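Peer 1: The lines below spell out each chain.
2 protein chains.
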Amino acid sequence: MTFTPITPDHIAMLTQLAGASNISVAQADRELHSRDQSYHRGHPADVVIFGESAEQISRVVAYANSHRIPITPWGVGTGLEGGAIPVHGGISLSLERMTSIITVHADDFQVTVQAGLGHKDLNQQLAKYGLFFPPDPGANASIGGMLANNAAGIRTVKYGASKDNVLKMQVVLADGRIIEVGSRSVKQSSGYDLLHLFVGSEGTLGIITQATLKLVPIPQHMSAMVVAFSDVESAVQAVVALRGSGLDPAALEFIDAEHCRLLREAEGIELLDYPTLFIEFHAGQASWLGAGIEMASELCRDMGAVAIRATTDNTERLRLWHARHHSYEILVRANPNKKILVMDVAVPISAYPTLIAYIESLRPTVPLQITMVGHAGDGNIHVEFAYGDESEFELAMACDHQIVKKALSLGGTATGEHGVGMGKAQFMPAEHGEAYDVMKTLKHALDPNNILNPSKIFIDEF
Amino acid sequence: MTFTPITPDHIAMLTQLAGASNISVAQADRELHSRDQSYHRGHPADVVIFGESAEQISRVVAYANSHRIPITPWGVGTGLEGGAIPVHGGISLSLERMTSIITVHADDFQVTVQAGLGHKDLNQQLAKYGLFFPPDPGANASIGGMLANNAAGIRTVKYGASKDNVLKMQVVLADGRIIEVGSRSVKQSSGYDLLHLFVGSEGTLGIITQATLKLVPIPQHMSAMVVAFSDVESAVQAVVALRGSGLDPAALEFIDAEHCRLLREAEGIELLDYPTLFIEFHAGQASWLGAGIEMASELCRDMGAVAIRATTDNTERLRLWHARHHSYEILVRANPNKKILVMDVAVPISAYPTLIAYIESLRPTVPLQITMVGHAGDGNIHVEFAYGDESEFELAMACDHQIVKKALSLGGTATGEHGVGMGKAQFMPAEHGEAYDVMKTLKHALDPNNILNPSKIFIDEF
Chain V
106 MTFTPITPDH IAMLTQLAGA SNISVAQADR ELHSRDQSYH RGHPADVVIF
156 GESAEQISRV VAYANSHRIP ITPWGVGTGL EGGAIPVHGG ISLSLERMTS
206 IITVHADDFQ VTVQAGLGHK DLNQQLAKYG LFFPPDPGAN ASIGGMLANN
256 AAGIRTVKYG ASKDNVLKMQ VVLADGRIIE VGSRSVKQSS GYDLLHLFVG
306 SEGTLGIITQ ATLKLVPIPQ HMSAMVVAFS DVESAVQAVV ALRGSGLDPA
356 ALEFIDAEHC RLLREAEGIE LLDYPTLFIE FHAGQASWLG AGIEMASELC
406 RDMGAVAIRA TTDNTERLRL WHARHHSYEI LVRANPNKKI LVMDVAVPIS
456 AYPTLIAYIE SLRPTVPLQI TMVGHAGDGN IHVEFAYGDE SEFELAMACD
506 HQIVKKALSL GGTATGEHGV GMGKAQFMPA EHGEAYDVMK TLKHALDPNN
556 ILNPSKIFID EF
Chain E
106 MTFTPITPDH IAMLTQLAGA SNISVAQADR ELHSRDQSYH RGHPADVVIF
156 GESAEQISRV VAYANSHRIP ITPWGVGTGL EGGAIPVHGG ISLSLERMTS
206 IITVHADDFQ VTVQAGLGHK DLNQQLAKYG LFFPPDPGAN ASIGGMLANN
256 AAGIRTVKYG ASKDNVLKMQ VVLADGRIIE VGSRSVKQSS GYDLLHLFVG
306 SEGTLGIITQ ATLKLVPIPQ HMSAMVVAFS DVESAVQAVV ALRGSGLDPA
356 ALEFIDAEHC RLLREAEGIE LLDYPTLFIE FHAGQASWLG AGIEMASELC
406 RDMGAVAIRA TTDNTERLRL WHARHHSYEI LVRANPNKKI LVMDVAVPIS
456 AYPTLIAYIE SLRPTVPLQI TMVGHAGDGN IHVEFAYGDE SEFELAMACD
506 HQIVKKALSL GGTATGEHGV GMGKAQFMPA EHGEAYDVMK TLKHALDPNN
556 ILNPSKIFID EF
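If you read the sequences in order, they're chains V and E.
Under our numbering, think of the first position of the first sequence as 106, with each following residue one higher.
Under our numbering, think of the first position of the second sequence as 106, with each following residue one higher.
Here chain V stands alone, though its shape is the one from the complex (with noise of 0.2 Å):
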């Protein structure tokens, strides 16, 4: 894989094809752009270039295509798999000013914006309309970040991931064609899925400038659980269970004691040293919840929950989630020496009691402080090692890697939510057998130069 090194003539070509105000070359905004929020190393591009339109991003792309300059995009580097890193230097293009809302569609609860609108700022913006886009990867991470990534995050388990929710984008490929896949019909049987294509493709096969993404009615009434159990296989099966009942719950995330125990020391949570399930309810009517949760613990005690706490009142559902919600910072500054591996994985739910014993068999031989939470609803888990020095990151690499084998075996995936980025692609051939050769063709046919975020997802040279 050769590409052209970038040079004065270059950055003056891309100057005017950028607009004079969204390009640079300085040292700060190169090493801003240089890192996502993962473990992985760091590299940054010869220029950033600042995004402003689609057919501003079309000439820049098409320009880097005739001269084979990388180009790898940006949203606000809130990625965890190194996704944004741009290995091969070149264009960082980032999409960070591209930030408006285009139109909002009410009645059809759909909102067209611009990708590098972080999806906390449009949630906050689409409040006054009684919608919201649901997927939540945590960091307020650009909407066009999370459609590259198909972020997910904790209410996945009714509402789906990124994928699920959005209808049409508007991309640019590789050769600076500027395209509109999907539509704002959300019943479309109309050729080929090119929408689906590019959602997860991480910019490797086109660059995502707009989406319209779907909204839901913000729910009338919710309601929190936080469930403690003697051990992870009653959890877990409790899990089962509730997603059999019909329930629907909107979020049930799963805690392991090691966790629950930090956060109790750290800040004074009142969690048991259990393994945790937090539950949340969303519903049209007050009364519906009442129900919920009552059937909800029953269901919990049968399979031998020793402690429930429940709640209808907002202010007590979110003094009930704070642990969750704020795990992983409440991780990082009770482990102020050390820095923290998340990794990801999912499996079918019925495998979820073997991973996680799995992962509870391999604590002993680690001597390494090792947590766990999981989107448990869709079989996903989250395993995190503190790790100091460079043997302490080798140790909870060497870990990652058996987990992953593990939830491949089990017919799950290397990644339910953060991405392959340069973490996972090492696993693509294992997971996809011949149809990563097939993703290959797909690469090859729309992206011919590998000018579009080179080195990500495939590990094989071009």
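Hints were generated in silico from the structure; no laboratory data involved.
Keep in mind the model is a prediction, meaning the values are calculated, not measured.
One copy or any two copies: either way a pair holds, since identical chains are not told apart in the list.
Below, simulated SDA-like cross-link-like pairs (lysine to any residue); rule was C-alpha separation at most 25 Å, straight line: (1) K510 x I284; (2) K545 x G281; (3) K225 x H430; (4) K263 x S392; (5) K511 x E497; (6) K319 x T459; (7) K263 x L231; (8) K233 x Q390; (9) K319 x G265; (10) K263 x N419; (11) K225 x E421; (12) K444 x K510; (13) K225 x G351; (14) K233 x G351.
Given the structure of chain V, go ahead and fit chain E onto it with the hints provided.
Peer 2: For chain E alone, coordinates are given in the frame of chain V:
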């Protein structure tokens, strides 16, 4: 586009590859596989091959590919846009013998089936698990056909289309490779979404041989409502309001006044000659249904409903829905000397009143019986033309084309659920713009000899 005419040598070789009991050149078999349920002119294949396994299909496809013999996959022939018609002859590859349930993953709410299984047969066998596969296009379409076509139906408003209810597929590619796409993990952000590339590709990119489907618990409690409105505008505004209410209907169907009159006159069904909504709710608790009906009734009255009937009784519910479920057969019976052309478009819900008003405005200009039924909650409408001779057919087609163009101008799609097949291919460039060229690029990349279902989706010669 030139294909190799089938010779006795080809037949001899195909007989070896497929097995002697899986191949037929009999007139009756060729005739049976020459047409679907649409108005499209049939065309026989030279040979019908019955798939029995992915490996056997792989051998047949690889041979056909190396000899440039076209292959058109066949499910059970319930399509409505000619997708399964082998317009270039060659091989009709029937999946109708591949009807096994491979594994029921009850804890995961998943089932893995062979592609030829009918969705009604599947649901009958799943009933004992308390689970069902929600997409229901009416006819007992095969799972493979539903996926190839992204079929939908009346419960899509709550449960989604076929594409939303599949997790994993086995696909035979044009060169004979057998790949697995997707994952049994409900969450996956691992590389390109090949699953959704093959879903809806109508057999032009690969042949779906096996699928793992998402299932949902059979709802414990259901209610039905039939609501008549004085005018279409009010009915459709009620649809928008119902979607915004958080009531989450499981079906939200529209039948126009003309169709209601026909149903009443033909079968004595208790309907008023008014635009009518058919509504269904599913709930985990019986008490929730009553509250749902109450809220929905109030809302419909606010929107100008002139008559409301509602029930939570199962027998009464089926009776109320009879007219909707059998509207097509009743229409056919009511027009013994005519054929029925059913067309399919969809628009964003906010454009639904405009689209329906436009269709109403065409009515006086065409001397044909025009009726409408639609999945209103999805912005999807089917216009039915009763035609006799060729000149009436041409009038109907002209009308059909005007409606498609109107739907496209409203930000809609040429097909919400019937697929492109032969009838809608002409509208693909208008609907997709340059994205249509990207579809062609993908077709070239995955089926360079254009043997898979040629002349479907694409109008251009390859």
